[in-house]
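Visitor: Protein chains in written order, with our numbering: chain S, 1 to 144; chain B, 1 to 71.
If you're looking for bench data, these hints aren't it; they were derived computationally from the structure.
Some clues are possibly wrong.
25 Å max Cα-Cα, derived BS3-like pairs, lysine-lysine [to be verified]:
#1 K64(S) - K53(B)
#2 K16(B) - K73(S)
#3 K16(B) - K53(B)
#4 K53(B) - K73(S)
#5 K53(B) - K67(S)
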Amino acid sequence: MSYRTKMNLIILMLQTAFLILYSIVFFNDVSLFISDGTDYRINISIIFAISMMLYLSLQMIMNKKDKLDERNKNIEARSSNVTIVSMIIVTFTLVVTLYLLHLENGSIPIYWLWYFMYTFISLNIIAFTISNLIVPLIGNKYES
Amino acid sequence: MKVKKVTNNIKELRFKNDNMTQQALAELVGCSRQTIHVLENNRYSPSFVLIKKIAKVFNVNVEEVIQIELE
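Isolated chain S (complex conformation) (with noise of 0.2 Å):
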């Protein structure tokens, strides 16, 4: 295992526990019924601070030890091609899917902004991160 793929799987883990420990502080502090309550903000932010500065410090840390070469930012480019589309798809998804859950009552709770706001970062580093493990699997080869 090459020591990029190490570090994406690291990123991975982290992002992904991240993401799940952050919708467990959601969930639990704001009832699907009550809007008020501001904790849980001040605590997704801490938590997300935190998960931020973890994946740019692991990317510096793994750009420093192995620099991107011409096949590096190939896959790069590759996964990036692969986040874009498929968080479009999510974030369809996830928009019309709350759509319809408010359709009748005519707006949609504000504090569901605010998590898919942090969600959606958090998916797209995870996409990307997937994205550059699969990829090389895949390889470049000659056009046939």
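Dock chain B against chain S, hints included.
Guide: Structure of chain B alone, referenced to chain S:
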């Protein structure tokens, strides 16, 4: 025009040059050991610049590093 077959002699060239390791070659051409590994196994389509660098390291022509057969 499609690529029919691709072969390369990078592994043989390394062995002929004092049993050069993949890591050593990677450092000389400015890429990772992993890139050299997938290149030798024909699992990566390199840029012309990278092939030219490898050819220069071994002091051979580009055609002696990689052979591409087109339809």
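Visitor: If a hint holds in the structure, say so; if it does not, say that too.
Guide: To see whether the hints hold, each was checked on the structure:
1. K64(S) - K53(B): holds (23 Å)
2. K16(B) - K73(S): violated (30 Å)
3. K16(B) - K53(B): holds (17 Å)
4. K53(B) - K73(S): holds (18 Å)
5. K53(B) - K67(S): holds (18 Å)
When each numbered hint is compared with the structure, a violation occurs for hint 2 only.
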